[in-house]
Amino acid sequence: MEITVTINGQARTSDVQPRKLLVDYIRSDAELTGTHIGCDTTSCGACTVLLDGVPVKSCTVFAVQANGKSITTVEGLRQNGQLHPIQEAFKEHHGLQCGFCTPAMMLVGTALLDKNPDPSEDDVRWAISGNICRCTGYVNIVKSIQGAGKAIQAQASGQAS
Amino acid sequence: MTTTHDQLSTSVEVGGIGHSVRRAEDARFIQGAGNYLDDVKLPGMLHMAILRSPVAHAKILSIDTADALALPGVVAVITGADLEGYNLAWMPTLSGDTQAVLATDKVRFQGQEVAAVIAEDPYTAEDALALIFVDYDDLPAVTNPRQAMAEGAPVIRDDKEGKTDNSVYHWEAGDKELTDRAFAEADLVVSLDTHYPRSHPAPLETCGAVADVNPATGKATIYLTSQAPHAHRTLFALVAGLPEQNIRIISPDIGGGFGNKVPIYPGYVVATAASLVIGKPVKWVETRTENLISTGFARDYHMHGELAVSKEGRILGMRTHLWSDQGAFYADAQPTKFRAGLFHICTGSYDFPAAHVVADGAYTNKAPGGVAYRCSFRVTEASYIIERLAQNAAYELGMDPAEFRMKNFIRPEQFPYHSPTGFVYDSGDYHTALQKALDAVDYPNLLKEQEEARKQGRYLGIGIASFTEVVGAGNSRDYDIAGLKMFDSAELRIHPTGKAILKLGVKSQGQGHETTFAQIVANELGIPVTDIAVIEGDTDNTPYGLGTYASRSTPVGGAATAVIARQLREKARRLAAHLLEASDEDLEWEPGRFYIKGAPEKGVTIQDVAFAAYTNMPDGMEPGLEGVHYYDPPNMTYPFGSYVVVVEVDPETGVWEVERMIAVDDCGVRINPMIVEGQITGGLTEGFAKANMQWITFDNDGNCIGSNFMDYLIPTAWETPRFELDETVTPSPHHPIGAKGVGESATVGSPAAYVNAVIDALRPFGITNIDMPVLPHRVWSAIREAQAR
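The listed protein sequences correspond, in order, to chains A and B. Read in order, the letters of the first sequence correspond to residues 76 to 236 in the numbering used here. Read in order, the letters of the second sequence correspond to residues 4 to 792 in the numbering used here.
One or more of the hints may lead you astray.
[As the list claims (entries may be wrong)] Each computed DSS-like pair below joins lysine-lysine, with the alpha-carbon atoms no more than 25 Å apart:
1) A:Lys218 to A:Lys166
2) B:Lys314 to A:Lys166
3) A:Lys95 to B:Lys502
[Stated by the list, open to error] Covered by chain A, per the in silico footprint, the following chain B stretches (three or more residues, Cβ under 8 Å):
4) 24-32
5) 314-326
6) 391-403
7) 456-468
8) 662-669
[To be verified] Listed below are several chain B residues computed to face chain A (Cβ distance under 7 Å; list not exhaustive):
9) Thr224
10) Ala243
11) Gly259
Hints in this document: simulated from the structure, not taken from any laboratory. Source: prediction; values computed, not measured. Note that CB positions come from ideal geometry on N, CA and C, so glycine has one too.
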């Protein structure tokens, strides 16, 4: 079946099997391998992408369900050659170790910050509670997302003045 | 963290030891540009899926693959009978046993590999699995080691000639006679029976392989989720009979290992055999369920422990007997001469003369493995039993558990300390670490608070664990994996422009080697970390090493790095003397620069020297500035720490919440404090997971309950406690930079602290033990049973 999906701002039309999972479409057809597969059962969140700005676990969405919609993956975070503040923050606050959960954690983080620019620790922990990290104990992931929020606010007020 | 900063000898720009340098590897990971196993895509690549046994124990009567083979897109279906033709139906394990690659005679655990499909795409491969028909004749399943050792139990390993029971090994350590005497003299004997449950490392990335055997050259390039690529190359050569120079193992970015990626799994072997026969690359990536039911389980020790104690509160001796559930194949990844790993470090942080350990391993109808899940060869189980016994002993003596520990700790002046089971602890200061943790919670006031809370019907508990680890294998006299001695290596090359490349035999799975190992070189040579590239995981392009597990990278690979850097510095000194027209002895070194004694303005930088090594060396000197060092450590290192946990238990529901978690760790010199703390918070979370929720269990038929992340519970950010970290620094006296290894301390030390806290909370009920995971229903039942007594 033919679908058209906008991935990271670029429209892409392709013929896919109706049963193809969105994560496989992203990784194999679109060749964007920053989105990972960790559990196949919607439990770990490693495959999270933004579908029309909302985090979804792409192992439990069919590619055809994304027809006509817009997807952001980790590869879409960097804009105009500049890292997104959340990418900078994950590095600065040591928010990653093996890096496997990181793309999804950053995307969930940006979705949270869009709604809540200055989240509390509990806000962040709740927002990422659908995403498992086996390395960090989450401490620095929380710091990274909060740090990114502050950086985005500082940037915005800098531009306003 | 002043202790670490005191040792800084390089500037922030150079970024040597003690600086929290931001990680080099992050640049690719934060942009989704990591290259994990499943990201490897080769031209013409085929995909493999594995058919697994649905039952725990059965004879295979027949396997019919015709329908699967007829499915369009299927290239091949492989069974054990096919592999027998290549002598590959069985393979050796890391513990000298054999393991079925694809089952031929029987299946011996649920999830065992029975057949493999090779297809043009992964969906077709999965479809074809449903078209393979296997006729099984069920046999009774054995699901625990005591049942396995009982008279008349079905013999699981009837493939082994003359095998009439399910015993894997009987092993002892320590001095039985001396220990019996200690117990005879004891005023009090405290005992504990507990099961350290089967668990799974479950790194977020599962295991997999992409095998690419070139039909023209015979060169086998095997991408592998491998924590030990060099050892795996040698084992591949021995198993498959391929010439070792024609095997290249590439371990790409690894999405967490924790011991899961140490063994060789049947899937790796089948994918390689398939590529060899078909002549195209073959990819196999586990599903999560395959990962949890078939690869690399950990723990599963049924333990009985006893402490002999004097009425004054001195430990006199210790006895333990453990029954190890090995699953269907004995596949522990551990040194050959220690059958129960390093469990005999179970005397822990305490000074007493007598200990005796008895270990019995048994086959069961469960997955093989016995990997050290984020620990150094069973030190986790050892630490758990002694720390649980110490708490119960204190209670029976009427002593405070902290005071009991302080009284029995090995004292700082006793190091190097010879333990009753044969270890030589390198250094430690246990009293200071525990005192720091107690001060952090204001222990005397906390005890009062607990007393008050009890009066109000609230159950606060305080748990302490003062652990000692043994990490950094080996020395080569005592430690090996499958006969390969446990040394490690570093090759350092300094280019003419003063930039360096460091190649290692170890392999990061998230620990940050590309940063910390560069920091060691920066510290020794004054070359900025940003000028140093670190390469690992490609056996064609790195020196031989045993890999990364058991917290051995820094103790062994880190030592190799420091030594080779120092050797190059000595050559650099001779070059500098040549450039400065001085003699070697007249030169002084400061990080990054040689200068003439008494004339600090007359000097040359390491970069000047590197250039001269290729452009202006003295007559007779070998050109270049590079070298390789293989480091055989003189001893293990012994990280330690004290953890204090405060919990509150709700007696109505059995739910317990962590109020505080204080972790004081001593891993010797900290190369990168930021990374060290990240390792500790990760380990504390895994320790909490084991104490609170995470286990792999089975029903009586051997069905795995815990085959996905909805049944095998892993803490999210919401359940994970908040941690408070502190440190002491007691350098290892034998390590070139005084470091000890830290990746596993918190997983090893913390489970007992959490459990001790819950048991402490339940003291008013007279409860002395609840096995891990301390699930709410277990707590609730224990309270109800206690109230009924």
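8 Å C-beta test of the stretch 662-669 of chain B against chain A, three or more residues: violated (count 0)
So, as I understand it, the hint says threonine 224 (chain B) touches chain A; can you test that by seeing if any CB pair is closer than 7 Å? With a minimum Cβ separation of about 19 Å from chain A (threshold 7 Å), the hint on threonine 224 (chain B) is violated.
Measuring from the C-beta of alanine 243 (chain B) to each C-beta in chain A, is the shortest one below 7 Å? violated (29 Å)
Using a Cβ cutoff of 8 Å, are there at least 3 residues of the stretch 314-326 of chain B near chain A, or does the coverage claim fail? violated (count 0)
Within 8 Å of chain A (C-beta), three or more residues of the stretch 456-468 of chain B: It is violated, with 0 qualifying residues against the three required.
Given coverage of the stretch 391-403 of chain B by chain A, tested with a Cβ cutoff of 8 Å and a minimum of 3 residues: violated (count 0)
Count the residues of the stretch 24-32 of chain B whose CB lies closer than 8 Å to any CB of chain A, then report whether that count reaches three. Answer holds; 7 residues pass the 8 Å Cβ test.
Does the structure keep lysine 95 (chain A) and lysine 502 (chain B) at a Cα separation of 25 Å or less? Given pair lysine 95 (chain A), lysine 502 (chain B) is violated - Cα atoms ~47 Å apart, limit 25 Å.
Sort out whether lysine 166 (chain A) lies within 25 Å of lysine 218 (chain A), counting only the CA atoms. holds (11 Å)
Holds or violated: is there a CB of chain A closer than 7 Å to the CB of glycine 259 (chain B)? Because about 4 Å separates glycine 259 (chain B) from the closest Cβ in chain A, which is inside the 7 Å limit, the hint holds.
Is the straight-line distance between the alpha-carbon of lysine 314 (chain B) and that of lysine 166 (chain A) 25 Å or less? Not satisfied, since the Cα-Cα distance of roughly 54 Å exceeds 25 Å.
Hints 2, 3, 5, 6, 7, 8, 9, 10 from the list above are not met by this structure, while the remaining hints are.
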